Amino acid sequence: MSPVPKVFAEEPVQEVEEEEPELIDPQETLREECTTAHCQALKNRLEECNSRVSGKKSTTESCFEEVVDFMNCVDHCVGPKLFAKLK
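Number 87 in this note's numbering belongs to position 87 of the sequence shown; there are no gaps in the numbering.
Worth flagging that the hints you see were computed from the coordinates, not collected in a lab.
Here the structure is a predicted model, which is why all the values come from computation and not from measurement.
Heads up, some of the hints might be wrong.
[Stated by the list, open to error] Below are the DMTMM-like pairs computed for lysine to aspartate or glutamate, each with C-alpha atoms no more than 20 Å apart in a straight line:
1. 85 with 69
2. 56 with 32
3. 56 with 66
4. 85 with 33
5. 85 with 47
6. 43 with 33
7. 57 with 28
8. 43 with 65
9. 85 with 25
10. 85 with 10
11. 81 with 47
12. 57 with 47
13. 81 with 28
14. 81 with 33
15. 43 with 32
16. 56 with 33
17. 81 with 17
18. 43 with 22
19. 43 with 61
20. 85 with 18
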């Protein structure tokens, strides 16, 4: 009869998790850049309107036009730059 081979259990191998790089949304970065550079005048106009409306107890005035103008400016600025960064 042949001897029975001895089998030893191997040490469990611990898997090392790789850290995923933190993803940065390029749209957010571009929006911030466009807000501070390209659309600053419209942002100031919107902030003035917000202050004026907030300072009144009752008013029918809203800052809708200022919001639309500001967002259109930001979107117009971000659009071409964002599509250039897409893969």
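Now for the hints, and whether the structure bears them out:
For a cut-off of 20 Å, the pair hint linking residue 85 to residue 69 is broken: about 25 Å separates their Cα positions. Between residue 56 and residue 32, the direct Cα distance comes to roughly 30 Å. Violation of the 20 Å bound is thereby established for this hinted pair. Taking the CA atoms of residue 56 and residue 66, the gap is near 18 Å; set against the 20 Å cutoff, the hint holds. Restraint check for residue 85 and residue 33: the C-alpha separation of about 15 Å stays at or below 20 Å, so the hint holds.
A hinted pair counts as satisfied when its Cα atoms are at most 20 Å apart, and residue 85 with residue 47 does not qualify at roughly 31 Å. For the hint linking residue 43 to residue 33, the alpha-carbon distance of about 12 Å falls within 20 Å, and the restraint holds. In summary, the hint linking residue 57 to residue 28 is not supported, as the alpha carbons are separated by about 34 Å, beyond the 20 Å threshold. In summary, the hint linking residue 43 to residue 65 is supported, as the alpha carbons are separated by about 12 Å, within the 20 Å threshold.
About 11 Å separates the Cα atoms of residue 85 and residue 25, which keeps this hinted pair within 20 Å; it holds. Restraint check for residue 85 and residue 10: the C-alpha separation of about 48 Å exceeds 20 Å, so the hint is violated. Of the pairs offered as hints, the one joining residue 81 and residue 47 is violated, with about 26 Å between alpha carbons and a cut-off of 20 Å exceeded. Taken as a hint, the residue 57 and residue 47 pair is honoured in the structure, with Cα atoms around 18 Å apart against an allowance of 20 Å.
Pair hint residue 81 plus residue 28 holds up; C-alpha atoms about 12 Å apart against a cutoff of 20 Å. Distance check on the hinted pair: residue 81 and residue 33 sit about 11 Å apart at the alpha-carbon level, within 20 Å; holds. A C-alpha spacing of about 12 Å is found between residue 43 and residue 32, which places the hinted pair at or below 20 Å, so the restraint holds. Note on residue 56 and residue 33: the hinted pairing is violated, with a Cα-Cα distance of about 32 Å set against a maximum of 20 Å.
Distance hint between residue 81 and residue 17 is unfulfilled; the C-alpha atoms sit about 34 Å from each other, more than 20 Å. For a cut-off of 20 Å, the pair hint linking residue 43 to residue 22 is broken: about 30 Å separates their Cα positions. For the suggested pair residue 43 and residue 61, the alpha carbons sit about 18 Å apart, so the restraint of at most 20 Å is met. A threshold of 20 Å between alpha carbons decides the hint, and for residue 85 with residue 18 the separation of about 26 Å lies outside it, so the pair is violated.
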